Amino acid sequence: GPKVLQIPSHQIIDMGQMVTLNCDPVSNHLYFYWYKQILGQQMEFLVNFYNGKVMEKSKLFKDQFSVERPDGSYFTLKIQPTALEDSAVYFCASSPVRQNTLYFGAGTRLSVL
Amino acid sequence: AQSVTQPDARVTVSEGASLQLRCKYSYSATPYLFWYVQYPRQGLQLLLKYYSGDPVVQGVNGFEAEFSKSNSSFHLRKASVHWSDSAVYFCAVSMNTGANTGKLTFGHGTILRVHP
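Sequences listed follow chains A and B, in order. For the first sequence, position 53 (counting from the first letter as 1) is numbered 53 according to the working numbering, and the numbering increases by one without interruption. For the second sequence, position 56 (counting from the first letter as 1) is numbered 169 according to the working numbering, and the numbering increases by one without interruption.
Calculated directly from the structure, the hints in this document are not laboratory data. A quick note: this is a predicted structure, and the numbers were derived from the prediction, not measured. Positions of the beta carbon are idealized from the N, C-alpha and C atoms, including for glycine. It is possible that some hints are incorrect.
To be verified - Simulated restraints on C-beta separations:
# : chain 1 : residue 1 : chain 2 : residue 2 : range
1 : A       : Val97     : B       : Ala114    : 21 to 29 Å
2 : B       : Ala130    : A       : Lys53     : 28 to 36 Å
3 : B       : Trp196    : A       : Gly52     : 39 to 47 Å
4 : A       : Ile12     : B       : Thr125    : 27 to 35 Å
5 : A       : Pro2      : B       : Ala192    : 23 to 31 Å
6 : A       : Gly72     : B       : Gln133    : 42 to 50 Å
7 : B       : Glu179    : A       : Asp24     : 48 to 56 Å
Said to hold, decoys possible - Which stretches of chain A does chain B cover? Using the computed rule of at least three CB atoms under 8 Å from a CB of chain B, they are:
# : region
8 : 32-45
9 : 104-113
With the rest of the complex left out, here is chain A (with noise of 0.2 Å):
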C-alpha cells in the first residue's frame, strides 16, 4: 500500500541545537500530519498543514516548532532550539483528502541530550 517515509529513523541531537525532521509523504496526498509520541504515552496531535498553510495546531507545537513543505518536497518538521522534553518519537501522517485515512510513517526518534 501506499507508504509514509521518515527519514532519519533516530535523531540524536545537542539540546539547544536546531534540528529538522524530514517526511516524504504519498505522492498525491494533500493533507500532512505530525504527532509526538513521548515514551509510554499515547500520541497526540501537533499539526496539520493544507495548502502551504497550517490548519490546526495543539498546544504541544510550541513557537519553537515549524513545518513547511517546499515546492512539494520533504514535508518538514524543525525544532530551534531545541529543549529536553522534545525527546519523543515523531511520526508524520498524509492523506489525500480532509476526511480520509491517514497514512502513518514508522516514525523518527528524536534524543535530546
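Given the structure of chain A, go ahead and fit chain B onto it with the hints provided.
This is chain B only, laid out in the frame that chain A set:
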C-alpha cells in the same frame, strides 16, 4: 474534549484463540472511529474504520470491530489469532463534523502478544 481509553495495556493470548481488544471513547456526538496496528519498526497501518451504518465493520486480516453508541465503545475482535498478529493496536477517533481537519485522538495502545 474528546478522549479515547484502551483499558488493557497488554494482552497475551495463545495462537488460535479468540481476541477482543477494548476501546471506549468520550465525545459529545458519534465520531469517526478507527483501529490502527503498528508492527515493530513500521508505521501505523489502518485495520478498519467506522463512519456510519452497520455497527459491525470488517477489516483486514480477519479483524472486525463493533460500534456501540449506548456503551460509547468500539471493540476490536478476531476469531482466531495468529502469532504474526503480535503488535501494538491503537484505537482512534476524529470529529464527525464539517469542521474536521482530519486530526485523530489516540488511545494509549494495547500491546498484543500471541504465543505460538
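How the hints compare with the structure:
| no. | hint | in the structure |
| --- | --- | --- |
| 1 | Val97(A) with Ala114(B): 21 to 29 Å | 25 Å, holds |
| 2 | Ala130(B) with Lys53(A): 28 to 36 Å | 49 Å, violated |
| 3 | Trp196(B) with Gly52(A): 39 to 47 Å | 45 Å, holds |
| 4 | Ile12(A) with Thr125(B): 27 to 35 Å | 33 Å, holds |
| 5 | Pro2(A) with Ala192(B): 23 to 31 Å | 28 Å, holds |
| 6 | Gly72(A) with Gln133(B): 42 to 50 Å | 43 Å, holds |
| 7 | Glu179(B) with Asp24(A): 48 to 56 Å | 36 Å, violated |
| 8 | 32-45 | holds (count 7) |
| 9 | 104-113 | holds (count 4) |
Of the numbered hints given earlier, the model fails hints 2, 7; all others are met.
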